[in-house]
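**Q** Below, each chain spelled out in residue letters.
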Amino acid sequence: MSNTLGIRRRIRSVGNVKQITKAMELTAAAKMHRSSSAVLGARPYAIRALSLVRSLEKRGISNHPLLEVRPIKNELLIAFFTDRGMVGSINAQLARSVSQYISQSKNNLDVVIVGKKGAKFVNKSKANVIATYTDIPSKLTFEYTRPISLNARMSFENKEYDLVNVAYNHFASTLTQKPTITQVLPFTDHPDSIITNIDTSADEKVLLEAIIEPDIQTLFNSVLPRLVDQVIFETMLEAQASEYAASMVAMRNATDNAEDLLSDLQLSYNSIRQSSITAEMAEISASIAAMED
Amino acid sequence: MPITFSLISQDKVVDELEADEVLLPTANGQIGILPNHVDLITTIQTGEITIKSHGKESHYAVFGGFAEVTGKEVTVLADRAEHADSIDLAAAEQAHRNAEVMLKDAKDDQELSNALGLIERNLNRIDIVKRHRHTNHHPKSPENIQ
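Protein chains in written order, with my numbering: chain U, 1 to 293; chain R, 1001 to 1146.
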């Protein structure tokens, strides 16, 4: 009977694990919904600001330090990892594509890491990490990403870097998150550029005749940096939605595995219990048969 | 023929409504927008946006940004924006006091400009609430107190 006791203990502990992973799955699902609606919430600003930039460009203004295309010598990569684990393989996937990118780059490359898990990975690679941001709030705010984008903008404008890319897990769907590296600065239309993701087709009015106050250059200078900040904010929101989606799926798998394990354990518990009953029955009937003789 | 007014901040669409008149705090001072206004693109300063619709007024606190005006539409892209009714006066006053402490303790230009920004923003919020106190019986807790 000691055997059945052991199995009963395991059934109980696997059952507890299942409850925990189930709860974690539900929390991650709620967080994922919140951050994917935050991504959608940040969209209108990006769309309107980009179409404003485009209409100003159509009126002949196109010089701004953030648009300057230079021969690339120094580049910066901002990689958005997560703070917490139990998010499936998204950090490992992103780390793989970031290391690949680093090893293929022929330029002087500096890296900014966001998320504790990223810091862990980068210690292993030879990347030159210039800054690390951790303690990401679960409800991401513009205040969190602003220093990241501000530093990127300033160092690009000061020509410390000629190219700024972001690496993050693109939220394709709940089940798929794709590690993606795209260009942020120079902030130009480019196949790999982040602005090609923003669809402004719904907002195509071009105000060619509009009066501009105080003047076109001042306006342009004030829109463009804000748009860059917005795009980086949106990227991180998306990275966060990916984190929660991956966490939800990982916890769902864990719950399913616990379920399978439980049913296996239950089966072997039942068969051991049954065989001990059968053995007892056999003994009893044997002894009855012996007494009858 | 009313104007479609939309107020968009960096994290959400704050409000979208029909208006008869829109008052905007632009770089060149307060301007009033009526239907069929000439097309205009302008920067917005920290201040107050007033919307007049069917004889009623609603007020928003805004902190920097731009406005795009056409004959039928006014779109404001604000760094921050909130409806006057959602400003918590006590919280704004507390944030203002905290910012003044920050200003005194500021060690570099970055901290100084942060503190000044917070003071400007919260003075604007306090100002707007006090000016429209009679319409502000139900303060909701604001999401972005700084």
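If you're looking for bench data, these hints aren't it; they were derived computationally from the structure.
There may be inaccurate statements among the hints.
Restricting the straight-line Cα-Cα distance to at most 25 Å, the calculated cross-link-like pairs of lysine-lysine (DSS-like) are [to be verified]:
| no. | chain 1 | residue 1 | chain 2 | residue 2 |
| --- | --- | --- | --- | --- |
| 1 | R | Lys1072 | U | Lys58 |
| 2 | R | Lys1012 | U | Lys139 |
| 3 | R | Lys1072 | U | Lys31 |
| 4 | U | Lys178 | U | Lys31 |
Simulated restraints on C-beta separations [as the list claims (entries may be wrong)]:
| no. | chain 1 | residue 1 | chain 2 | residue 2 | range |
| --- | --- | --- | --- | --- | --- |
| 5 | U | Ser125 | R | Gly1029 | 18 to 28 Å |
| 6 | R | Arg1097 | U | Arg84 | 46 to 56 Å |
| 7 | U | Leu261 | R | Leu1103 | 55 to 65 Å |
| 8 | U | Leu150 | R | Asp1039 | 24 to 34 Å |
Using N, Cα and C, we set each Cβ at its ideal position, and we do this for glycine too.
**Q** Any hints from earlier that this structure breaks? Give me their numbers in increasing order, please.
**A** 3, 5 and 6
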